[in-house]
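Heads up: the protein sequence lines correspond to chains A, B, C and D, in order. Note that the working numbering has the first sequence beginning at 1, numbered continuously upward. Note that the working numbering has the second sequence beginning at 1, numbered continuously upward. Note that the working numbering has the third sequence beginning at 1, numbered continuously upward. Note that the working numbering has the fourth sequence beginning at 1, numbered continuously upward.
Just to be clear, a hint being listed does not mean it is correct.
Said to hold, decoys possible - Quick list of in silico lysine to aspartate or glutamate cross-link-like pairs, EDC-like style, CA-CA up to 20 Å:
hint	chain 1	residue 1	chain 2	residue 2
1	B	K12	B	D24
2	B	K12	A	E87
3	B	K12	B	E271
4	C	K12	D	D227
5	D	K12	D	D227
6	D	K12	D	E272
7	A	K12	B	E87
8	D	K12	C	E280
9	B	K12	B	E280
By construction, these hints were calculated from the structure, which means they are not laboratory data.
Number of protein chains: 4
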Amino acid sequence: MALSPELLDIAKRVNNWGRWGSDDEIGTLNLITDDVVRAAAATVRSGRRVPLAVPLSQQGIQTGMIPGRVNPLRTMVALNWEMFGPETVATSDDTVTMGLQAGTHWDALTHVSHTGRIYNGRPADTITAHGGAAFSGIDKARHIVSRGVLLDVAGARGVDRLAGGHAITPEDLEVAEEFGRVQVRAGDLVLVRTGQIQLFLAGDRHGYALPSPGLSVYTPEWFHARDVAAVANDTLTFEIFPPEIENQWLAVHALDLVEMGMLQGQNWNLEELAVACAEEGRYEFLLSAMPEPFVGATGTPVAPVAIF
Amino acid sequence: MALSPELLDIAKRVNNWGRWGSDDEIGTLNLITDDVVRAAAATVRSGRRVPLAVPLSQQGIQTGMIPGRVNPLRTMVALNWEMFGPETVATSDDTVTMGLQAGTHWDALTHVSHTGRIYNGRPADTITAHGGAAFSGIDKARHIVSRGVLLDVAGARGVDRLAGGHAITPEDLEVAEEFGRVQVRAGDLVLVRTGQIQLFLAGDRHGYALPSPGLSVYTPEWFHARDVAAVANDTLTFEIFPPEIENQWLAVHALDLVEMGMLQGQNWNLEELAVACAEEGRYEFLLSAMPEPFVGATGTPVAPVAIF
Amino acid sequence: MALSPELLDIAKRVNNWGRWGSDDEIGTLNLITDDVVRAAAATVRSGRRVPLAVPLSQQGIQTGMIPGRVNPLRTMVALNWEMFGPETVATSDDTVTMGLQAGTHWDALTHVSHTGRIYNGRPADTITAHGGAAFSGIDKARHIVSRGVLLDVAGARGVDRLAGGHAITPEDLEVAEEFGRVQVRAGDLVLVRTGQIQLFLAGDRHGYALPSPGLSVYTPEWFHARDVAAVANDTLTFEIFPPEIENQWLAVHALDLVEMGMLQGQNWNLEELAVACAEEGRYEFLLSAMPEPFVGATGTPVAPVAIF
Amino acid sequence: MALSPELLDIAKRVNNWGRWGSDDEIGTLNLITDDVVRAAAATVRSGRRVPLAVPLSQQGIQTGMIPGRVNPLRTMVALNWEMFGPETVATSDDTVTMGLQAGTHWDALTHVSHTGRIYNGRPADTITAHGGAAFSGIDKARHIVSRGVLLDVAGARGVDRLAGGHAITPEDLEVAEEFGRVQVRAGDLVLVRTGQIQLFLAGDRHGYALPSPGLSVYTPEWFHARDVAAVANDTLTFEIFPPEIENQWLAVHALDLVEMGMLQGQNWNLEELAVACAEEGRYEFLLSAMPEPFVGATGTPVAPVAIF
């Protein structure tokens, strides 16, 4: 089923097509100005670093539920190989096959389309099998460093992790702002913690996948009002799954990626980060989350790091 | 041929086995303390960001010269797929197969071994086909953020790019320090520019591969004396190739990775960075260069970013 | 440019849509009846076997000219691994990544489409990124055993290999029949030798690719008249390449695969076979050329064997 | 634990090292002479063909139990792509990543080693990560066509499928010979049916994997006495699994592959074949089971076909 009239109304309100010109391919990442980054760097006080990516291996997040999104298979193509002759220095090299969205990742703006369109009104068929995304591939999004803000919704709500059916609302986000004594502002990279990834970390990949808490269809307007640059969380699907409104599958994806032109991140491990924020007494930090520049890709693994 | 007596002497002098305990797996990355990172963040003034990775695609750096190190093959596993039924939001997903050392990458400490040993004296056969590197896999090196320093040797020597036979010496490094009015210090991530990557950027992959300027066997002692955390450059092989001393293949690799326990980076695009340093009038910056946490890997693609 | 009026006329004459029912997915393979196979087996006299596949490795046929069609990368995922404990029996396992059309292969009927149609008039968009070919995938073609006939055009024309610009005509085929004292008949698997693969075998992959002799646009009618089950040859593109008629790219593919519903094979090594036929004094044999049953695939590696 | 004294005694009795010379790499495949093949072809009477491979897809046999042995991931690299311009003939191409032993496959002789040795007494470390098997790779075994014999042990024992704990003994094999009124002889390809693959076909991949009936450690002597060329069956592990003798893991593999130099096949679908044998009233046929010639591989997918 297509988006409902209510969601189409939201779509109109959050739509950023043309806002940065008809040639634009990166959407709200335009909001990360040099000034924003300079201010973000100024938040660093202790030098503590917290990495946010899950390990990449065959024991990864994927269960086979999403066709083709395979866990990383890393293999050796050289193993202590004395390539230049006996007793020479020996090399070890490896290759990998993996789904670009298999682990901790960014969705490119082209990760979804609806009614035949991608961000900035371009036709969805500008994505092809032989070339990938001609526009808004993840390789266009190469400067993702800004202020990071943790909205620890689970913490703010006083639970270890949110229940599977919890659709995170704008109110939840504001309670988390208050909990962290932080205000989300233009150009921020917002990390929304549900605690759901604890299930994966405990070995329950199926439980992690669904049912899962996640962002409600009412959050895109909130992110739009704050002019957020990108949002990531600690779930497989980003938005609540199964969806909060029957048959409105991936509606948040459509609003964020297609209409607003705002990148989403998934499977980010925010557990150690929540501890660090509590210990440091602040929920803002410098966040570097650079995409691997896969040409034409609709997503990419990312190894984000928060710097306090 | 094994390392020569001269090189074995150097090996003894730069050896860090046991320096951070017999359990250590990350070597000189230990030198990146919170204090170092805090000071690095304090160098940020303009907020300008410069990404250093080359695009990842079939048109990548590899020529087939290094067996198994294949350029990235990215394919779509879903293409505007209405997974949930007609007219629903459609998804596009991709997978990749690639050599972990194919593009802009970090070598893990385990990327080479010599005389049967890897860093910290462990047996080389702790790397296996089924498990990868049991110790010092790249997944252990998850906090690579520090002060970056560009040593623009080409710039300091007044050339666009160094000649293929140029072995970069400690003297070259010091001339580049002077050129950049910067002093390399403990915990730094040092980027050494030769200009060689211009050949790749101009489409000459074979010319880029060799002959190539690169670091001399006399530089590890210099890096050791300065207590550098890691070094990267803009060439395929990192060290001069073919080697400066006949039959002493990959000697710099052996000294840096195995003896000193210091990570190396290759195929970093330092061209835009050199321009930025000249424009900003400083050759230091905050550098984030987080490895993708492939479990047991001997290398990883990396998307480094310099923040001014 | 679309097919020319002349070629569209040929298309009408060779068209087999509906011939084996609207549900049919295998086209001329229907012509291989049990009787045909029994007669084919009866041709076996000496028991000599000749394999026709080229080795599968990184040193394979592909040069990068055809995007994504990568040579096989085989890697070990276990290497004398004592999985069950010290001194137990040790296992070695491997994986491969490869283009299904990279080496000696069959094109499935879905390998090409024109004017939006595949074999039997189905829409071309029944092939999707997530599912492959819903109809006429190579997994549907699972019984390819029949009489093989070698039409040694190079031999019949008295040359080692045909010139790059040689478009093989019906007359060439008939001269080769005469040369081999054999008559092509219904249900046959016809192998057409040009000698072009000698270039690959001698290490000249680029010369092998093009210019290349190959089948003329006038051969489909001849194969149609004889009710051939499938045709393979010893070139990269099957048809003459570049094409004999300007801008009529892949016209033979369109006629054979889409219109006639006849499988094509490429990169078959027919050199040893030509010697065997000459020595055995007959150009017919039992041919087994079973596709690997990749579900929804538009091609497959094949390891054909001729049995004399 | 190493092989027990009893098994080492059997090893001595079935050992074929040197039997075909110290240079031999194919073991009992030497027993398939031209005469054997001619006689095999003479068994063809009806022309009926039965394919024996399971479909290759992400829904394949592997469960993740065997590390790195991944089910086939097939992806499109071109999808109705008008490579030569608008309205030209469009191409579709695919790639695959898969474990070579993931589906219906042959083990190469190098698939296992014990006490540091492979077939013909060569050192196990002649298999390397960068080169695969220098000796006895599957690419050396390129003529696998011979008489096939179905030993339908399940049928002979009057059950749909053998129980998980059933170790197939020489007596079982002889009962199956009697059941099929067939005598196994030199050069035969013997197919041993347990019925276990019904579990996979019914969707129970874990039940298929184990517990599984399979060949007993006492069968290698029987195959040796009959001078069988190769043996395949319809289970994941070939031999009974878990093993019949505690801690004697993969003992049959060691005896067949290493000592005798006899290829093994696994995951062959023998269900339709059993029906065909019963209907045709004979348990012998021409069997073509050509390996894909992966250079240095320790196994390969195979698409066998029985011709009656």
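Tested hints:
Distance check on the hinted pair: K12/B and D24/B sit about 18 Å apart at the alpha-carbon level, within 20 Å; holds. The suggested pairing of K12/B with E87/A holds, with an alpha-carbon distance near 18 Å, which does not exceed 20 Å. Between K12/B and E271/B, the direct Cα distance comes to roughly 35 Å. Violation of the 20 Å bound is thereby established for this hinted pair. Restraint check: the Cα-Cα separation between K12/C and D227/D comes to about 56 Å, which exceeds 20 Å; the hinted pair is violated.
Between K12/D and D227/D the CA atoms are separated by roughly 16 Å; this keeps the pair inside 20 Å, and the hint holds. Proposed proximity of K12/D and E272/D is contradicted: the alpha carbons are some 37 Å apart, above 20 Å. Note on K12/A and E87/B: the hinted pairing holds, with a Cα-Cα distance of about 18 Å set against a maximum of 20 Å. For the suggested pair K12/D and E280/C, the alpha carbons sit about 42 Å apart, so the restraint of at most 20 Å is broken.
Between K12/B and E280/B, the direct Cα distance comes to roughly 40 Å. Violation of the 20 Å bound is thereby established for this hinted pair.
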